[in-house]
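Student: Please construct the entire structure, taking both the sequences and the accompanying hints into account.
Protein chains in written order, with this note's numbering: chain A, 1 to 205; chain B, 1 to 205.
Hints may be right or wrong, so weigh each one.
Which copy? The list can't say, so a pair holds if one copy fits it or any two copies do.
Subject to a maximum C-alpha distance of 30 Å in a straight line, what follows is the list of computed DSBU-like cross-link-like pairs (lysine-lysine) [claimed, not checked]:
id, residue 1, residue 2
1, Lys92, Lys81
2, Lys92, Lys113
3, Lys92, Lys4
4, Lys48, Lys4
5, Lys113, Lys6
6, Lys15, Lys81
7, Lys113, Lys15
8, Lys46, Lys126
9, Lys174, Lys126
What the hints contain is simulated information worked out from the structure, not anything from laboratory work.
2 protein chains.
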Amino acid sequence: MMSKTKERILEASIKTFNEFGIANVRLQQIADASEISVGNLAYHFKNKEAIVSYTYDYIFTEFSDILSNYLYIDNFQGLDKNLHQYYTFFMKFRFFFTDMFEIERNYPEILDKWHRYTNRMLLQIKSRIEFDVQRGIIVPQSEEMNELLASNIWMSIIFWLPQRILRGLPAEEKLFKEAVWSQMTPYLTDRGEEEFIAYIYPVLI
Amino acid sequence: MMSKTKERILEASIKTFNEFGIANVRLQQIADASEISVGNLAYHFKNKEAIVSYTYDYIFTEFSDILSNYLYIDNFQGLDKNLHQYYTFFMKFRFFFTDMFEIERNYPEILDKWHRYTNRMLLQIKSRIEFDVQRGIIVPQSEEMNELLASNIWMSIIFWLPQRILRGLPAEEKLFKEAVWSQMTPYLTDRGEEEFIAYIYPVLI
DNA sequence: GTCTATAGAGTGATAGAC
DNA sequence: GTCTATCACTCTATAGAC
Numbered sequence: 001m002m003s004k005t006k007e008r009i010l011e012a013s014i015k016t017f018n019e020f021g022i023a024n025v026r027l028q029q030i031a032d033a034s035e036i037s038v039g040n041l042a043y044h045f046k047n048k049e050a051i052v053s054y055t056y057d058y059i060f061t062e063f064s065d066i067l068s069n070y071l072y073i074d075n076f077q078g079l080d081k082n083l084h085q086y087y088t089f090f091m092k093f094r095f096f097f098t099d100m101f102e103i104e105r106n107y108p109e110i111l112d113k114w115h116r117y118t119n120r121m122l123l124q125i126k127s128r129i130e131f132d133v134q135r136g137i138i139v140p141q142s143e144e145m146n147e148l149l150a151s152n153i154w155m156s157i158i159f160w161l162p163q164r165i166l167r168g169l170p171a172e173e174k175l176f177k178e179a180v181w182s183q184m185t186p187y188l189t190d191r192g193e194e195e196f197i198a199y200i201y202p203v204l205i
Numbered sequence: 001m002m003s004k005t006k007e008r009i010l011e012a013s014i015k016t017f018n019e020f021g022i023a024n025v026r027l028q029q030i031a032d033a034s035e036i037s038v039g040n041l042a043y044h045f046k047n048k049e050a051i052v053s054y055t056y057d058y059i060f061t062e063f064s065d066i067l068s069n070y071l072y073i074d075n076f077q078g079l080d081k082n083l084h085q086y087y088t089f090f091m092k093f094r095f096f097f098t099d100m101f102e103i104e105r106n107y108p109e110i111l112d113k114w115h116r117y118t119n120r121m122l123l124q125i126k127s128r129i130e131f132d133v134q135r136g137i138i139v140p141q142s143e144e145m146n147e148l149l150a151s152n153i154w155m156s157i158i159f160w161l162p163q164r165i166l167r168g169l170p171a172e173e174k175l176f177k178e179a180v181w182s183q184m185t186p187y188l189t190d191r192g193e194e195e196f197i198a199y200i201y202p203v204l205i
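Tutor: Dropping the structure here:
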C-alpha cells in the first residue's frame with residue numbers, strides 16, 4: 001500500500017519531470033511540489049535515482065495495462081480503443097519521451113525495462129498485422145514487409161507526440177489517430193477498406 | 001575565418017555532446033577534449049550557451065547545405081543521394097536528436113532555427129511529392145493525404161536513428177533507406193514502380 | 001514521519017599573471 | 001592567447017532535533 005506522502009511525491013515527480021525534464025529537476029522542486037521538506041523527501045527515497053526509478057515503475061505499470069487490455073476482435077474497434085489509450089498515456093507522461101535519451105544515457109536499468117516493454121508493443125503490432133492478414137483485411141506481404149510495416153506503425157505511435165512538440169504544433173487525438181491509420185490504409189484489402197470506413201473513418205471526421 | 005583553437009573547441013563540443021548529451025557536459029570536459037584550459041575556453045566563448053549556439057550554427061550550416069543540394073531530377077537518384085546525405089549528417093551529429101528536447105526546453109533561440117530548418121525540409125519533401133505526382137510516378141492523392149505522406153516521410157527520416165538507439169539496435173544506411181522508401185512505395189504508379197526497381201531497388205540489396 | 005541546518009562535492013564564470 | 005587560482009553559487013545527501 002502506498003503511503004499518502006509517497007503518493008504525493010510520485011505526483012509531484014511526474015508533474016515536474018513533465019515540465020522541466022528529469023535532468024533539470026532539483027530535489028527542492030519535487031519537495032516543494034509535494035509540499036514537504038527535502039529532508040522528508042530523503043526519508044522516503046534514498047536518492048534522486050530512487051525517485052526516478054519509482055516513477056518509471058509506476059508508468060510501466062500503466063503501460064503494461066494498455067498492452068494487456070488489447071483485444072483481438074474482428075474489427076478495428078479494438079485497435080482504435082488501444083490508440084486512444086496510448087494517446088492518453090503519452091499526454092499524461094510527456095517526459096516518458098522527452099527524456100528517453102536521458103534514460104538511455106544515465107539510467108541503464110530503466111532502459112532495460114523500456115526495451116522490454118517496447119518490444120512487447122512491437123510484437124503485439126506485428127501479430128495484429130498477421131491476424132488482419134489471416135482474416136482478409138490486409139493484403140498479404142512478405143515477412144520482411146510485415147516487419148517494416150509494424151516498425152512504421154510503432155514509430156508513428158511513439159514519435160507522433162514528440163514530433164508535434166518539436167514542430168511547435170498542438171496535439172490532437174484525431175490527428176494522432178489519422179497519422180497512425182495512414183500507415184495502415186495503403187495495405188488494406190477491399191474488405192479491409194469497408195471495415196475501415198465503417199468503424200474508423202467516422203471517428204476521424 | 002575560424003581560429004585554430006575555436007575549431008578545436010567546436011570539434012570537442014560535437015564529440016562530447018554526442019557522447020554525454022549537452023546537459024551532462026562540463027566546461028572542463030570540453031576544455032580537456034580541446035586540450036586547452038577552462039580559462040582559455042572562456043576567452044573564446046563567454047559562457048556555455050555561446051558554445052552550444054556556435055555548435056548548432058555550424059550544424060545548421062551543414063543541414064542547410066543538404067537542403068540546397070537537393071536535385072529535382074527526373075528519377076529517384078536525386079532523392080536517394082539526398083537520403084545518403086541525411087544519414088551521414090545524423091551519424092555525425094547524434095546529439096542533434098538526442099538533445100532535441102534539451103534544446104526545446106532551454107535554448108529557445110536554437111529551437112526557432114530548428115523549426116525553420118525542419119519546416120524547409122518538410123516543404124521540400126512535399127514539393128517533391130507534388131513533382132512526382134505531376135510526372136506520373138506517384139498516384140495523385142488529396143491535398144490532405146499529400147500533407148500526411150510528407151509528414152510520414154519526414155518522421156521516418158528524422159526519427160529513424162533515434163528509434164534504433166532506443167531499441168538498442170545498430171544503425172545501417174541500407175535499413176535507413178529501406179524504412180524511408182517503405183513510406184513511399186505504396187503510393188507509386190506502375191511507372192513509379194519501374195523507376196523504383198531500376199534506380200533504388202539495386203541500392204537496397 | 002517530518003523538520004532545519006549544513007556538510008561536501010561540484011560547476012560556471014571571473015581575475016589577473018605571463 | 002593561454003594559463004592558474006579562486007569566487008560564488010548550486011545541488012545532493014546526511015545529521016540530528018522534535
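Student: Now look at each hint and say whether the structure bears it out.
Tutor: Evaluation of the provided hints:
1. Lys92 / Lys81: The answer is within: 17 Å in one copy meets 30 Å, while 40 Å across copies does not.
2. Lys92 / Lys113: The answer is both: 19 Å in one copy and 28 Å across copies each meet 30 Å.
3. Lys92 / Lys4: within (21 Å within a copy, 48 Å between copies)
4. Lys48 / Lys4: This pair counts as within: shortest intra-copy Cα distance 19 Å, inter-copy 41 Å.
5. Lys113 / Lys6: So Lys113 and Lys6 pass the 30 Å test inside one copy only (22 Å; across, 41 Å).
6. Lys15 / Lys81: Within one copy only: 26 Å inside a chain, 44 Å across chains, cut-off 30 Å.
7. Lys113 / Lys15: Both: 22 Å inside a chain and 28 Å across chains, each within 30 Å.
8. Lys46 / Lys126: neither (41 Å within a copy, 52 Å between copies)
9. Lys174 / Lys126: Classified as both: same-chain Cα gap 23 Å, cross-chain 22 Å, threshold 30 Å.
Hint check: a violation occurs at hint 8 only; the rest are consistent with the structure.
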